[in-house]
Amino acid sequence: MSIECRCTGCRSRLHVPQRRAGATVSCPKCGTRVVVPAATLEDGPTSFEHRSVERSLASLEAGRGGAGTRGGIFSEDSFELPDSIVPDVMGGAMPRREAGLTLTRWAIYLYAATVALVAVGAFLVGSWWPFAGVR
1 MSIECRCTGC RSRLHVPQRR AGATVSCPKC GTRVVVPAAT LEDGPTSFEH RSVERSLASL
61 EAGRGGAGTR GGIFSEDSFE LPDSIVPDVM GGAMPRREAG LTLTRWAIYL YAATVALVAV
121 GAFLVGSWWP FAGVR
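Its first residue numbered 1, the sequence shown is counted upward by one per residue in the working numbering.
Hints were generated in silico from the structure; no laboratory data involved. Honestly, I wouldn't trust all of these hints.
Listed next, with one range per pair, are the computed distances between beta-carbon atoms [stated by the list, open to error]:
{"no.": "1", "residue 1": "Arg-19", "residue 2": "Ala-107", "range": "57 to 63 Å"}
{"no.": "2", "residue 1": "Ser-2", "residue 2": "Arg-51", "range": "48 to 54 Å"}
{"no.": "3", "residue 1": "Trp-106", "residue 2": "Ser-59", "range": "55 to 61 Å"}
{"no.": "4", "residue 1": "Val-25", "residue 2": "Leu-60", "range": "37 to 43 Å"}
{"no.": "5", "residue 1": "His-50", "residue 2": "Val-16", "range": "31 to 37 Å"}
{"no.": "6", "residue 1": "Arg-55", "residue 2": "Thr-8", "range": "37 to 43 Å"}
{"no.": "7", "residue 1": "Phe-123", "residue 2": "Thr-102", "range": "31 to 37 Å"}
{"no.": "8", "residue 1": "Thr-114", "residue 2": "Gly-22", "range": "38 to 44 Å"}
{"no.": "9", "residue 1": "Lys-29", "residue 2": "Glu-49", "range": "41 to 47 Å"}
Restricting the straight-line Cα-Cα distance to at most 25 Å, the calculated cross-link-like pairs of lysine to any residue (SDA-like) are [claimed, not checked]:
{"no.": "10", "residue 1": "Lys-29", "residue 2": "Val-16"}
{"no.": "11", "residue 1": "Lys-29", "residue 2": "Ile-3"}
{"no.": "12", "residue 1": "Lys-29", "residue 2": "Ser-12"}
{"no.": "13", "residue 1": "Lys-29", "residue 2": "Ser-2"}
{"no.": "14", "residue 1": "Lys-29", "residue 2": "Leu-60"}
{"no.": "15", "residue 1": "Lys-29", "residue 2": "Arg-11"}
{"no.": "16", "residue 1": "Lys-29", "residue 2": "Cys-5"}
{"no.": "17", "residue 1": "Lys-29", "residue 2": "His-15"}
{"no.": "18", "residue 1": "Lys-29", "residue 2": "Arg-51"}
{"no.": "19", "residue 1": "Lys-29", "residue 2": "Cys-10"}
{"no.": "20", "residue 1": "Lys-29", "residue 2": "Gln-18"}
{"no.": "21", "residue 1": "Lys-29", "residue 2": "Leu-57"}
{"no.": "22", "residue 1": "Lys-29", "residue 2": "His-50"}
{"no.": "23", "residue 1": "Lys-29", "residue 2": "Arg-19"}
{"no.": "24", "residue 1": "Lys-29", "residue 2": "Leu-14"}
{"no.": "25", "residue 1": "Lys-29", "residue 2": "Pro-17"}
{"no.": "26", "residue 1": "Lys-29", "residue 2": "Thr-8"}
{"no.": "27", "residue 1": "Lys-29", "residue 2": "Gly-9"}
Glycine included, C-beta positions come from ideal geometry on N, C-alpha and C.
Required output: the full structure, derived from the provided sequences and hints.
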C-alpha cells in the first residue's frame, strides 16, 4: 500500500511507501524535498464499533426536515452567516471599535517620560518638601 501526495515544487504525483509516512523524500523530477503526509482517512477504520453510533450519525446527516429540504447538523446552509456579521475583506474597512480612548505606544512612552522628568525635577528643586530651607 502506498501514500499518494503531490510535490510542492512541480506538482507531480508521488507514490511513496506507507512506511515513509511523516518523513521527507526528494521528488524524482525536480529534486524538491517533500514531506510525506501521515495516513489518510481512507486508511483508517470505516465504521464504528456499535451500530447505534452509526444510526445516530445517519439521522443527524439526513436531518428531520420534510421531503426536498436539506437539514441536519452537517447541512451546508447551517454554517452560513449573515452578510452584516461577516466583514468585507476585499474592499471595505473593518468595523471601528467604539470603546474609550486609544493611545499609540509612543504617546504612552512620552507621557511616562514627562511624569518621570517632572518628578526628578521636583525632587532636585526641593519643592516637594513642606518647608524648604527650614529645619
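Here is how each hint holds up against the structure:
In this structure, Arg-19 and Ala-107 meet the distance hint of 57 to 63 Å, their C-beta atoms being roughly 60 Å apart. For the pair Ser-2 and Arg-51, the beta carbons lie near 32 Å from each other, so the given range of 48 to 54 Å is not met. Checked against the hint of 55 to 61 Å, the C-beta distance between Trp-106 and Ser-59 comes to roughly 60 Å, which is consistent with it. Between Val-25 and Leu-60 the Cβ separation comes to about 40 Å, which falls inside the hinted range of 37 to 43 Å.
Here the CB-CB span from His-50 to Val-16 is close to 35 Å, well matched to the stated 31 to 37 Å. Between Arg-55 and Thr-8 the beta carbons are some 42 Å apart, a value that agrees with the proposed interval 37 to 43 Å. For Phe-123 paired with Thr-102, a C-beta distance near 32 Å keeps the hint of 31 to 37 Å intact. Between Thr-114 and Gly-22 the C-beta distance comes to about 57 Å, which lies outside the given range of 38 to 44 Å.
Restraint check, Lys-29 to Glu-49: a C-beta distance of roughly 44 Å satisfies the suggested window 41 to 47 Å. As the CA atoms of Lys-29 and Val-16 are separated by approximately 14 Å, the hinted pair is consistent with the 25 Å bound. Distance hint between Lys-29 and Ile-3 is fulfilled; the C-alpha atoms sit about 18 Å from each other, no more than 25 Å. Among the hinted pairs, Lys-29 with Ser-12 is consistent with the structure: their alpha-carbon atoms are about 8 Å apart, no more than 25 Å.
The suggested pairing of Lys-29 with Ser-2 holds, with an alpha-carbon distance near 19 Å, which does not exceed 25 Å. Distance check on the hinted pair: Lys-29 and Leu-60 sit about 46 Å apart at the alpha-carbon level, beyond 25 Å; violated. Distance restraint check for Lys-29 and Arg-11: the Cα-Cα separation of roughly 10 Å lies within the 25 Å cut-off, and the hinted pair is therefore satisfied. For the hint pairing Lys-29 with Cys-5, the CA-to-CA distance comes to about 14 Å; that is within 25 Å, so the pair holds.
For the proposed pair Lys-29 and His-15, the alpha carbon gap of about 13 Å is at most 25 Å, so the pair holds. Taking the CA atoms of Lys-29 and Arg-51, the gap is near 47 Å; set against the 25 Å cutoff, the hint is violated. A distance of roughly 8 Å separates the Cα atoms of Lys-29 and Cys-10; the hinted pair therefore holds under the 25 Å criterion. Among the hinted pairs, Lys-29 with Gln-18 is consistent with the structure: their alpha-carbon atoms are about 21 Å apart, no more than 25 Å.
Of the supplied pair hints, the one linking Lys-29 and Leu-57 is violated, its CA atoms being roughly 44 Å apart against a limit of 25 Å. Between Lys-29 and His-50, the direct Cα distance comes to roughly 47 Å. Violation of the 25 Å bound is thereby established for this hinted pair. Among the hinted pairs, Lys-29 with Arg-19 is consistent with the structure: their alpha-carbon atoms are about 22 Å apart, no more than 25 Å. Between the alpha carbons of Lys-29 and Leu-14 the distance comes to roughly 10 Å, so the proposed pair stays at or under 25 Å and holds.
Straight-line distance between C-alpha atoms of Lys-29 and Pro-17 comes to about 18 Å, which keeps the hinted pair within the 25 Å bound. This hinted pair checks out: Lys-29 and Thr-8 have alpha carbons roughly 12 Å apart, not beyond 25 Å. Between the alpha carbons of Lys-29 and Gly-9 the distance comes to roughly 9 Å, so the proposed pair stays at or under 25 Å and holds.
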